[in-house]
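Chemist: Let the sequences and hints guide you as you build the complete structure.
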Amino acid sequence: MGILFQNLLIGHILLGLTGIVFSTLVLVGFFKKPANVKFLKITSLSAFLLYLASWVAGGYYYVEYYGGKVKPLIKAGPYPFAHGIFMEAKEHIFLFIPILAGVVFLATCLLGDKINQEPKVKNALTVLAFIVVFLGVLITALGMLISGAAK
Amino acid sequence: MYEILVTIHIIGVALGVGGATVSDLLFFKSAKDGKIEEYEFGFMKIASKIVWAGFAVLVFSGVSLFILARLKLLGPRVMYNPGIWAHIIAAAVILFNGLAMHWKVFPAFEASLGIPFGKAEQILKNRKIIFTTGAISITSWYFALVLGATRGFGLPLSWILAAYVFAVVCAVIVANVIGKFLMNKFKQ
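Line by line, the protein sequences are chains A and B.
When we follow the working numbering, the leftmost residue of the first sequence carries the number 5, and every step to the right adds one.
When we follow the working numbering, the leftmost residue of the second sequence carries the number 22, and every step to the right adds one.
Don't read these hints as lab results, they were simulated from the structure.
Given the structure is predicted, the values throughout are model-derived calculations rather than measurements.
You may find that some hints are simply not true.
[Stated by the list, open to error] Subject to a maximum C-alpha distance of 30 Å in a straight line, what follows is the list of computed DSS-like cross-link-like pairs (lysine-lysine):
1) A:Lys124 - A:Lys36
2) B:Lys93 - A:Lys155
3) B:Lys201 - B:Lys70
4) B:Lys125 - B:Lys70
5) A:Lys37 - B:Lys93
6) B:Lys66 - A:Lys36
7) B:Lys56 - A:Lys37
8) A:Lys37 - B:Lys125
9) B:Lys201 - B:Lys93
10) B:Lys146 - A:Lys126
11) A:Lys75 - A:Lys155
12) A:Lys124 - B:Lys140
13) B:Lys140 - A:Lys73
14) A:Lys42 - A:Lys124
15) A:Lys36 - B:Lys149
16) A:Lys36 - A:Lys126
17) B:Lys206 - B:Lys149
18) B:Lys56 - A:Lys36
19) A:Lys37 - B:Lys146
Modeler: Written as structure tokens, this is what we have:
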């Protein structure tokens, strides 16, 4: 693997992981009473941008390298379902993450202090933030299962 | 690079396992007089931050070790090791359990500072969650530590997870028995 694709793969993983860290901070931020709206805006924007960056890095790697070099290795190996199921699932599930993270950021910006005044709105955003964290962890596990099958 | 990442991972273990242990000990120490004082809660918050910091260090260094293995194309023999995946599952449990603690346990403590347990509405209402999440936390941290040191003794994933679930269930039962005893003691 050349230096470019190595760095893209490493970047994809670490940017995504850092995005999950910020999404976790967003979720914990929503637990607080009252929630710190400025903190939520910063962390939710950071999470959104990190997921976008991870998407770009992973997308380029996938299109230019994974399809031709890694996928055949996995499909020829003892665990071909690592591509057939895990990668296919990952390709579709991951799309939710930057979109939902963006929704959390937009909602936090547009609602501002109303988040603390309307419990139902705050609860809904908390659930959304939890879904982002959960999907992030799921996607990370799927990525590790895919990587593990390549030999 | 491998040695550097392992060293960083061990630092994460020290912070995470150490922080979780101190956090639980702090709770039982502060529970001795039947209430949580503000300064005791302050120490618990510091311990919690140390645990989260340790967890972040562990996750990043652990995933970096995984990346190293991937770049070397070590394949399923190494990367599908049951001990490693049980380790990862324990880490996921630690994360979601930690979130549950921040959602319910810390707010219950904060609402009950200086109030005797027998009269602390939030602690009485959330007693089971408090003791259950505490038990899951300490069991999961030590289970992950043992897995990291032993790689799961070469056992299949199902056996390792069965042992983990058994350990967690036992810890939850014991913690809740202790919790009920404590609450009854301070209700009088």
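Chemist: If a hint holds in the structure, say so; if it doesn't, say that too.
Modeler: To see whether the hints hold, each was checked on the structure:
1. Taken as a hint, the A:Lys124 and A:Lys36 pair is honoured in the structure, with Cα atoms around 15 Å apart against an allowance of 30 Å.
2. Distance check on the hinted pair: B:Lys93 and A:Lys155 sit about 9 Å apart at the alpha-carbon level, within 30 Å; holds.
3. About 28 Å separates the Cα atoms of B:Lys201 and B:Lys70, which keeps this hinted pair within 30 Å; it holds.
4. The straight-line distance between the Cα atoms of B:Lys125 and B:Lys70 is roughly 16 Å, inside the 30 Å bound, and the hint therefore holds.
5. For the given pair, A:Lys37 sits about 47 Å from B:Lys93 by alpha-carbon distance, which is inconsistent with the 30 Å threshold.
6. Of the pairs offered as hints, the one joining B:Lys66 and A:Lys36 holds, with about 13 Å between alpha carbons and a cut-off of 30 Å not exceeded.
7. Under the criterion of a C-alpha separation no larger than 30 Å, the hint pairing B:Lys56 with A:Lys37 is consistent with the structure, at around 22 Å.
8. At most 30 Å may separate the alpha-carbon atoms for a hinted pair to count; A:Lys37 and B:Lys125 meet this at roughly 12 Å.
9. For the hint pairing B:Lys201 with B:Lys93, the CA-to-CA distance comes to about 52 Å; that exceeds 30 Å, so the pair is violated.
10. Of the supplied pair hints, the one linking B:Lys146 and A:Lys126 holds, its CA atoms being roughly 22 Å apart against a limit of 30 Å.
11. Straight-line distance between C-alpha atoms of A:Lys75 and A:Lys155 comes to about 10 Å, which keeps the hinted pair within the 30 Å bound.
12. A C-alpha spacing of about 29 Å is found between A:Lys124 and B:Lys140, which places the hinted pair at or below 30 Å, so the restraint holds.
13. A threshold of 30 Å between alpha carbons decides the hint, and for B:Lys140 with A:Lys73 the separation of about 65 Å lies outside it, so the pair is violated.
14. A C-alpha spacing of about 20 Å is found between A:Lys42 and A:Lys124, which places the hinted pair at or below 30 Å, so the restraint holds.
15. With a C-alpha separation of about 21 Å, the suggested pairing of A:Lys36 with B:Lys149 holds against the 30 Å cut-off.
16. The suggested pairing of A:Lys36 with A:Lys126 holds, with an alpha-carbon distance near 11 Å, which does not exceed 30 Å.
17. Taking the CA atoms of B:Lys206 and B:Lys149, the gap is near 16 Å; set against the 30 Å cutoff, the hint holds.
18. Under the criterion of a C-alpha separation no larger than 30 Å, the hint pairing B:Lys56 with A:Lys36 is consistent with the structure, at around 22 Å.
19. Taken as a hint, the A:Lys37 and B:Lys146 pair is honoured in the structure, with Cα atoms around 18 Å apart against an allowance of 30 Å.
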